[in-house]
Amino acid sequence: MHPYKTASPRSFWSKSVARNFNATQLCSFEAPLLRRGDKVVSAGSCFATNIVPFLERHGFHYIRTEERHRIFKSIPAESLGYPNFSAGYGNVYTPRQLLQLVRRCKEKFSPIEDRWLTDRGVVDPFRPGLRYPAASEREFELLRAQHFRAVLDAFRQCDVFILTLGLTECWTSKIDGAVFPACPGTVGGTFDSARHEFYNFSVDEVVNDLIAFASDLRSLAQSPRMILTVSPVPLVATATGDHVLLASTYSKSVLRVAAQEFCKLVSFASYFPSYEIVTGPQAPSSYLNDDRREVSSEAVEAVMSVFLAHCESGDFVTGPQVAPDGTHDSELVRRAMLNPEVCEETMVE
Amino acid sequence: MVNAASTQPIIIAGSSHAACLGVPLTVEPESGPLLKIDSDFEAVTGNFPRDDEYWERTVQFAEGRAVVVVWNGNQHYGRFLLQENPPFDFVVPCQQELPLNPGSILVPYTAIKEIWRDTLIGLEDLVKRLASIDGCRAFILGTPPPVRDPASIQAALEQRDDLFVRQSLYYDIDLETARLTPRSVMWKLWASIQDAMAEVAKTYGAEFIPVPQAFATDDGFLKEIYSQKVDYTHANGAYGLAMRRHLLNELGLRDLHASL
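First to last, the protein sequences are chains G and S.
With the first letter of the first sequence counted as 1, position 212 gets the number 195 in our numbering; the numbers rise by one all the way through.
Heads up, our numbering is the position in the second sequence plus 3, with the first residue counted as 1.
Since the hints were derived computationally from the structure, they do not count as laboratory data.
Where hints are given, some of them may not hold.
Partial list, derived from the structure: chain G residues whose beta carbon lies under 7 Å from chain S [to be verified]:
hint, residue
1, 54
2, 121
3, 122
So, partial list: chain S residues that the calculated Cβ filter (under 10 Å) puts toward chain G [to be verified]:
hint, residue
4, 81
5, 82
6, 114
Cβ atoms here follow ideal geometry from the backbone N, Cα and C, with glycine treated the same way.
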């Protein structure tokens, strides 16, 4: 007799992956990931935007505190995912970026390089792709203050915070460590080696940043729960000098381990296996598009069907959703995701 | 003749705000395509609302001439007479310290200007064409600021003026509870249109002639003496007369500078 004798079939590759694979069994939770009426806030890399339309279509309460005013219906929408999250922070690629976001909102951190004066207006280095930048510094400060209030408002209302970890590589300010969402000079601003440097986070750093963020979140929200996922989308490019495949593996491995460590240390955090569903050896090749980087709509649907299976059921709509214009839910998502303008990261190419 | 460079009268072409300058909005059978306003100005006549034929006619007369274009100018009334829900406000670069209405959502000025973009595409095309014509000097004339006292507008709202009914339906605003957009916001909207037209002028080789401060109150609204009593959206004949004098001075100064 040994411990494996009593292990469940899901402990064995031969019984749960090689045969009878059921993605829903990848994870088990003591309570539903989302309960009816939970107020959900999310942040993360480009992949994180996939979650939101599914949640909204299935009747979950996704918090939005910084929506575009309706007077702007007739003009081009914001780019780079700014409208896709609870407030207009856009894509948040690293936990350090998220931590600094909340601390900037709480006036606990004020980056020295906090604006770029350009021909197209005053650009926010932390939201460099905004299509409609401020026209003056006074306007910039007022708009930013309004944005910060909206972020705090969202976080305060949050019952569940879904965070999709995307990258470990980032570009920071040499002066004060401020983390930019994109390398200066790619989306906005100008790269200056005297002021900007590359950084690649370790597991410990990611865990520490996540813990610090969780602590800050709990100081804002009543009793938030956190769900962590790791984006299955590989890096567009690496600044390490390594092959991008190796760099990507490092990044995702760090994030995956950090997520696990974090969930061990924080009682209100759970890990959801988006990464494994899409990139595991069991995944069909159709989960990735021809470039072997972009995730297909089929994969997004697979991820979200598992996610929703672990949420509280009820009167929610089940099965494939059809938008009023007749397009399939996941098709809308796919279109949004495949739009290169959704992701600052793609702009390094 | 102040328009010394060409020795020919200045041409004025434009939509409803050109009427106070002497440009007819209706086509009289006896008037030719170019109507003499006085010894210094001629008006391009044609269909109203202005159509491609009208602007084509303007282009045809432009060779060797100074052409003053009056383009739209009522977009702020057409879109924002009724206050939006939620209310919005913004910072205009030319008057950054103007107060913001409490409880309003701050929206980016660059996005506000983008709203006007569609209304200025025709102007861009026109100015581009005028700039390419031999000897033509193209000017875009600023349009009158909004009136300071909204009493007449408020009265029109209370009387369910057709314009308000249409706006409330088109923009899904409940007319029963509707309020006017605060005049400070209306002024900023007007200022943003002037700014957008100035940009068109700069980009496509024309000059922008803003409405002079002397035509406005200290806080920038149209002086009452220049306001029409019934039609609150347009300036009156006194404004037109004063503006023609201003144009003569402005264009004359430009000619003087050009000759130095």
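Do the hints match the structure? See the list:
1. 54: holds (6 Å)
2. 121: holds (5 Å)
3. 122: holds (4 Å)
4. 81: violated (13 Å)
5. 82: Holds: closest Cβ of chain G sits about 8 Å from residue 82 (chain S), inside 10 Å.
6. 114: holds (4 Å)
In the structure shown, a violation is registered for the earlier hint numbered 4 alone.
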